[in-house]
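Q: Please build the complex by placing chain B on the supplied structure of chain A, with the hints as guidance.
Number of protein chains: 2
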Amino acid sequence: MKQEKAVVVFSGGQDSTTCLFWALEQFAEVEAVTFDYGQRHALEVECAKAIAEELGIKHHVLDMSLIGQLAPSALTDTGIEVADGEYGGLPSTFVPGRNLLFFSFAGILARQIGAKHIVTGVSETDFSGYPDCRDSFVKSLNVTLNLAVDGQFVIHTPLMWLDKSQVWGLSDRLGKLDYVRTKTLTCYNGIQADGCGECPACRLRRKGLETFLGKKGGSTLPDGGSAEEVALP
Amino acid sequence: MKQEKAVVVFSGGQDSTTCLFWALEQFAEVEAVTFDYGQRHALEVECAKAIAEELGIKHHVLDMSLIGQLAPSALTDTGIEVADGEYGGLPSTFVPGRNLLFFSFAGILARQIGAKHIVTGVSETDFSGYPDCRDSFVKSLNVTLNLAVDGQFVIHTPLMWLDKSQVWGLSDRLGKLDYVRTKTLTCYNGIQADGCGECPACRLRRKGLETFLGKKGGSTLPDGGSAEEVALP
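Sequence lines, in order, name chains A and B. Just so you know, we're using the numbering used here here: the first sequence kicks off at 1 and counts up by one. Just so you know, we're using the numbering used here here: the second sequence kicks off at 234 and counts up by one.
Warning: the hint list may mix true and false statements.
Stated by the list, open to error - Only pairs whose alpha carbons sit at most 27 Å apart, straight line, appear in this in silico DSSO-like list of lysine-lysine: (1) A/5 with A/58; (2) B/372 with A/139; (3) A/139 with B/349; (4) B/291 with B/440; (5) A/2 with A/116; (6) B/238 with B/416; (7) B/440 with B/416; (8) B/440 with B/409; (9) A/116 with B/372.
Don't read these hints as lab results, they were simulated from the structure. None of the values given here were measured: they were computed from a predicted structure.
This is chain A alone, in the form it adopts within the complex:
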């Protein structure tokens, strides 16, 4: 794969940034694609742009605002009951199955830019109830994409079977733990790096980091230092 080209589905968060560094290690050429669909925080797209620019990576930002047309709130007389809270806390543009759309766009983009490989940071391990993050879905989409365009694309999911502490482990092995910790945005409240510390995304991220650093032999967090000179507040 060293001579080949990949496109990374890139949100500017911990997972996809780790995947970006993984891809830079694996492939001769790497481009990134970000889907702008009215995220909770426009800052997410800005964060992705800043990282891509800093790393000198060609970055495609695709306007996906049209998926809002498929949001439950946009369709009247939907004929299905949406249980209270099923989409609770999600932005109004949340669309079940949206990775089908995103990865389809990424696949067709890959064809257009001559990339054989597509990398995404989806994971079944921290699987939060979304079927479009499962391994079986991704593999099926890979076949469908190749049939759709008579192609031989390969979708890579380096994080599929890793938990959050193992994702930190991967970024550490790539020599990028500190970069990922300080430059990415995971927090639901739009705060970069270690985030607000309170939202579910921050807690999951922090717990993973603590676990990884603990296993690595540094003292546990939050009180005290750690390996890699990472200190959490």
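A: Positioned in the frame of chain A, the structure of chain B alone reads:
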């Protein structure tokens, strides 16, 4: 299926209009979805709207202009060579594999409106080199869609193995041959019904109609009448 709901991918052309009538025969409830992506003729979308309105069918027109972002012309430094004429005669928004996007949107829409069935008029028989019209692609997408949303959708392709004369035969059996002939738009030059008569779409459509009417026992066209009181100019 008689008690169930279907959504028909509907362009206002001969094939999808025939599918619409087929679906009306098969399902208790039918809705239609049209993708507006900068067609050669805006008239195509208008034609679809008019038919849906006349038939009293709930019609979703989804703005797909964003696929233009994936058109070869929109991406610089594409890394692939586009042979002269590969996209010759196609609108600048033509995107290889676009049925992957359209059918994915249709699938997610089906989920949102509570339709179990999705009907599309793609056909391998008059297959013009597009892999995303093949039966294998549609079946694979069906599986992928179901995995993406944990669903049990069924994609129907009633025209998959029919040639154009058999498609006319189907509309005749449904009692809608004359409706399809006079109300739909197939012509590349944007002329409804029998069209310009000169473009490849018109010739294919006309040849199929002549063959069907000939087999049915009417006199052949263009000189003379036919079964169903259809007369071509």
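Q: Give a verdict on every hint.
A: Here is what the structure says about each hint:
For the proposed pair residue 5 of chain A and residue 58 of chain A, the alpha carbon gap of about 12 Å is at most 27 Å, so the pair holds. For the suggested pair residue 372 of chain B and residue 139 of chain A, the alpha carbons sit about 15 Å apart, so the restraint of at most 27 Å is met. Restraint check: the Cα-Cα separation between residue 139 of chain A and residue 349 of chain B comes to about 23 Å, which is no more than 27 Å; the hinted pair holds. Of the supplied pair hints, the one linking residue 291 of chain B and residue 440 of chain B is violated, its CA atoms being roughly 32 Å apart against a limit of 27 Å.
Only pairs whose Cα atoms come within 27 Å are accepted, and residue 2 of chain A paired with residue 116 of chain A is accepted, the gap being roughly 12 Å. For a cut-off of 27 Å, the pair hint linking residue 238 of chain B to residue 416 of chain B stands: about 25 Å separates their Cα positions. With a C-alpha separation of about 18 Å, the suggested pairing of residue 440 of chain B with residue 416 of chain B holds against the 27 Å cut-off. Taking the CA atoms of residue 440 of chain B and residue 409 of chain B, the gap is near 18 Å; set against the 27 Å cutoff, the hint holds.
As the CA atoms of residue 116 of chain A and residue 372 of chain B are separated by approximately 23 Å, the hinted pair is consistent with the 27 Å bound.
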